[in-house]
Amino acid sequence: MTTHSESRLQASDGLMLHVHSWYPDTDGDTDTPLRAVVAIVHGMGEHGGRYARLAAHFASLGIATVTYDLRGHGRSEGSRVYVNHFDEYLNDTEIFLTHVRTTFGPTPLFLLGHSMGGAIAALYTITRAPANVSGLMLSSPALAPGEPVAPWMVKAGRWVSRWLPKVPVFKIDPAAIARDKTVVDAAKKDPLNAYRGTPARTAAELLDAMARIHANADALHLPLYIFHGTADRLTAPWASEQFHGNAGSQDKTLRLYPGHFHETLNDLDREKVIDELTYWLLAHVPETAAAKRKRPQPMTHETLMGEKSPVKPVLGTHHSH
Numbered sequence: 008m009t010t011h012s013e014s015r016l017q018a019s020d021g022l023m024l025h026v027h028s029w030y031p032d033t034d035g036d037t038d039t040p041l042r043a044v045v046a047i048v049h050g051m052g053e054h055g056g057r058y059a060r061l062a063a064h065f066a067s068l069g070i071a072t073v074t075y076d077l078r079g080h081g082r083s084e085g086s087r088v089y090v091n092h093f094d095e096y097l098n099d100t101e102i103f104l105t106h107v108r109t110t111f112g113p114t115p116l117f118l119l120g121h122s123m124g125g126a127i128a129a130l131y132t133i134t135r136a137p138a139n140v141s142g143l144m145l146s147s148p149a150l151a152p153g154e155p156v157a158p159w160m161v162k163a164g165r166w167v168s169r170w171l172p173k174v175p176v177f178k179i180d181p182a183a184i185a186r187d188k189t190v191v192d193a194a195k196k197d198p199l200n201a202y203r204g205t206p207a208r209t210a211a212e213l214l215d216a217m218a219r220i221h222a223n224a225d226a227l228h229l230p231l232y233i234f235h236g237t238a239d240r241l242t243a244p245w246a247s248e249q250f251h252g253n254a255g256s257q258d259k260t261l262r263l264y265p266g267h268f269h270e271t272l273n274d275l276d277r278e279k280v281i282d283e284l285t286y287w288l289l290a291h292v293p294e295t296a297a298a299k300r301k302r303p304q305p306m307t308h309e310t311l312m313g314e315k316s317p318v319k320p321v322l323g324t325h326h327s328h
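So the sequence shown is residues 8 to 328, counted in my numbering.
To be clear, the hints were calculated from the coordinates, so they are not data collected in a lab. There's no promise every hint is true.
[As the list claims (entries may be wrong)] Pairwise CB distance ranges (calculated):
1) Asp-276 x Asp-192: 24 to 34 Å
2) Arg-135 x Asp-192: 37 to 47 Å
3) Asp-258 x Thr-189: 34 to 44 Å
From the three backbone atoms N, C-alpha and C, an ideal C-beta is built for every residue, glycine too.
Construct all of the structure, not just a fragment, from the sequences and the given hints.
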């Protein structure tokens, strides 16, 4: 069983961000140490709740999972899929990771970013050099567009971004996320997903972030695991190869999955993808520190009210099989 709680975290500009937490249910035994905690940054147009299945898998192995809905996504506040400057995502992620570290103490912390969340996680670790992250995992990271963008289109997009920042400039095709039709249908029907149009400013900021990541790849020194489907039409697999080659990390792994679409964690043959991700993760957990790790109490109203924390309870705690 998995314990799941939802809460809220306040961003530096006052926006409220929705937080999901999953961890192994121990039937009241809080002395059993966690092996690790995975902090997830999701992709453009989706939300953190879509990672419940992966979180349940991790929980079965004694690993906690925490994610938050990006500003303008899911249940978080903000204009839909809009960001004025990409560093707002980095600032939110820093507050989020501070919350995770406060909650889970010295438990080894791993950062997993998918798609645009991969760009956020990569740029965050490159520019902020966090000392409390044990490894970086990037799922189909947005390091270049899946299809080439003509220079004149980039120039026009920047003009629109400056003068009409919230005008939508492209839409995400749900059919491109996975070959599994049930996954695509569920994504289309999910009211918390926002595939209808990406604002010009968000698109321009993401392109700038991609350039910053590649220009500073050698500044990344964390253990690195990248996995990408070769048939991804939303983000470019070749950019993952390039980043892997240029990253300053001495411990780095690249997995390319032939024929897989954008969401390898949800696509056909996802079991293999998840197994290989899990193998890498467990291989990087320092088992000798297990006795010192902190298992948090469920985030109920009572436990949160006693803390000097920007976290606010939302839906309480529930259990799932």
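Exercise. Which earlier hints turn out false for this structure, listed by number in ascending order?
Worked result: 1
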